Amino acid sequence: DAGVIQSPRHEVTEMGQEVTLRCKPISGHDYLFWYRQTMMRGLELLIYFNNNVPIDDSGMPEDRFSAKMPNASFSTLKIQPSEPRDSAVYFCASSFHGPGEKLFFGSGTQLSVL
Amino acid sequence: GIQVEQSPPDLILQEGANSTLRCNFSDSVNNLQWFHQNPWGQLINLFYIPSGTKQNGRLSATTVATERYSLLYISSSQTTDSGVYFCAAPFGAGSYQLTFGKGTKLSVIP
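So the sequence lines, in the order shown, correspond to chains A and B.
Quick note: the first sequence, position 105, residue 105 per our numbering, numbers continuous.
Quick note: the second sequence, position 34, residue 1034 per our numbering, numbers continuous.
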C-alpha cells in the first residue's frame, strides 16, 4: 500500500482565500483523522471519521474549518476564509478499527497564509 | 483528559551511543504509541505498546501500565535517528482521540 496520501505538500495563499487540503487513507482503514501541528500547540486532533461519518469535531477551531469524507478513500479539510494564524502543518492519519490500532500518518500539508 | 509528559525535551548523542526516552501519563491507558518525526516532518509509527516490551531492530519500547510510564530505548544510535520522538495516549477512557506529548528532540552527531 502507498500509505496515507496527502495533497498538496505545500500551500501558500493569501488571507481570505479558500484552502482545500486532501487526503486518501490507507485502503481498508475505517478511521480517518485530521491533525494540526504548530510549534506553540504541538499536535492537535481537529476531527475524526469512522466509516465516512464524522464522529468528533470538537477540535475544529472555528466555523471557518470544515471537513468531509464523501467516500472511504477520500477526505477534505477546507478553511474558508483562511487567516495567517491558520498557518501550520496539517496531517491526515488513518487506522483500522480506531486508535486502538496503530495510527499511520500522511506526509502532511505545510500551509502558509500570508 | 489525560496528560502526557515526555523527558528529556532535548537530547544530543554521539553516534553509536545508547539512549532512553521516557513518557509519563496521568491515567491508565489501553493504548500507547511511539512516533518518530524525521527532520523532513514525516511522522512514522514506531510502536503500538499498551503494555509489555517490543523490539524492532535497534529500537525497543517498554510500557509499565500500572506505573503509568513508557520507555523508548535507542541503541547504537545513528544520525538517521535524529528527529523528534512523540508518545501518544488516548485522551480519556474509551476515547478515540490520541493526546500527544510535546516530544523529545534527538540530535545524533557523527
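Bear in mind the hints are in silico, worked out from the structure with no lab data behind them.
Nothing here was measured: the structure is a model prediction, and the numbers come from that model.
Check each hint, because a few of them may be wrong.
The following label-pair restraints were derived from C-beta to C-beta distances [what the hints assert, rightly or not]:
1) B/E1005 x A/K102: 37 to 45 Å
2) B/T1080 x A/M40: 25 to 33 Å
3) B/R1058 x A/P8: 18 to 26 Å
4) A/E83 x B/K1102: 21 to 29 Å
5) A/H97 x B/K1102: 37 to 45 Å
6) B/E1005 x A/H97: 38 to 46 Å
7) A/Q80 x B/G1016: 22 to 30 Å
Here chain B is said to cover these stretches of chain A; the calculated rule only asks that three of the stretch's residues, wherever they fall, bring their Cβ under 8 Å from a Cβ of chain B [as the list claims (entries may be wrong)]:
8) 62-72
9) 102-111
Result set (BS3-like, lysine-lysine): computed pairs, CA atoms no more than 25 Å apart in a straight line [what the hints assert, rightly or not]:
10) A/K24 x B/K1105
11) B/K1102 x B/K1054
12) A/K102 x A/K24
13) A/K24 x A/K68
14) A/K24 x B/K1054
15) A/K68 x A/K78
16) B/K1054 x A/K68
17) B/K1054 x B/K1105
18) A/K78 x A/K24
Glycine included, every Cβ here is placed at the ideal spot set by N, Cα and C.
Going down the list of hints, with the structure as the test:
Separation of B/E1005 from A/K102 is about 22 Å and departs from the stated range, judged on CB atoms against 37 to 45 Å. A hinted range of 25 to 33 Å holds for the C-beta pair B/T1080 and A/M40, which are about 28 Å apart. Taking 18 to 26 Å as the suggested C-beta distance range, the pair B/R1058 and A/P8 does not conform, at roughly 34 Å. Checked against the hint of 21 to 29 Å, the C-beta distance between A/E83 and B/K1102 comes to roughly 25 Å, which is consistent with it.
A/H97 and B/K1102 have their C-beta atoms about 28 Å apart, which leaves the hinted 37 to 45 Å range violated. Taken as a hint, the range 38 to 46 Å is violated for the pair B/E1005 and A/H97, whose Cβ atoms sit roughly 28 Å apart. Checked against the hint of 22 to 30 Å, the C-beta distance between A/Q80 and B/G1016 comes to roughly 51 Å, which is inconsistent with it. Remark: the stretch 62-72 of chain A is not confirmed as covered by chain B, as 0 of its residues place a Cβ nearer than 8 Å to a Cβ of that chain, below the required three.
With 7 residues bearing a CB less than 8 Å from a CB of chain B, the stretch 102-111 of chain A meets the requirement of three and the coverage assertion stands. For the proposed pair A/K24 and B/K1105, the alpha carbon gap of about 29 Å is over 25 Å, so the pair is violated. Proximity of B/K1102 to B/K1054 is assessed by CA-CA distance (about 23 Å); at most 25 Å being required, the pair is judged to hold. A C-alpha spacing of about 17 Å is found between A/K102 and A/K24, which places the hinted pair at or below 25 Å, so the restraint holds.
As the CA atoms of A/K24 and A/K68 are separated by approximately 12 Å, the hinted pair is consistent with the 25 Å bound. Proximity of A/K24 to B/K1054 is assessed by CA-CA distance (about 30 Å); at most 25 Å being required, the pair is judged violated. Between A/K68 and A/K78, the direct Cα distance comes to roughly 8 Å. Compliance with the 25 Å bound is thereby established for this hinted pair. Our distance criterion of 25 Å between C-alpha atoms is broken by B/K1054 and A/K68, whose separation comes to about 36 Å.
The suggested pairing of B/K1054 with B/K1105 holds, with an alpha-carbon distance near 22 Å, which does not exceed 25 Å. For the hint linking A/K78 to A/K24, the alpha-carbon distance of about 15 Å falls within 25 Å, and the restraint holds.
Violated hints, in rising order: 1, 3, 5, 6, 7, 8, 10, 14 and 16; the structure is consistent with all others.
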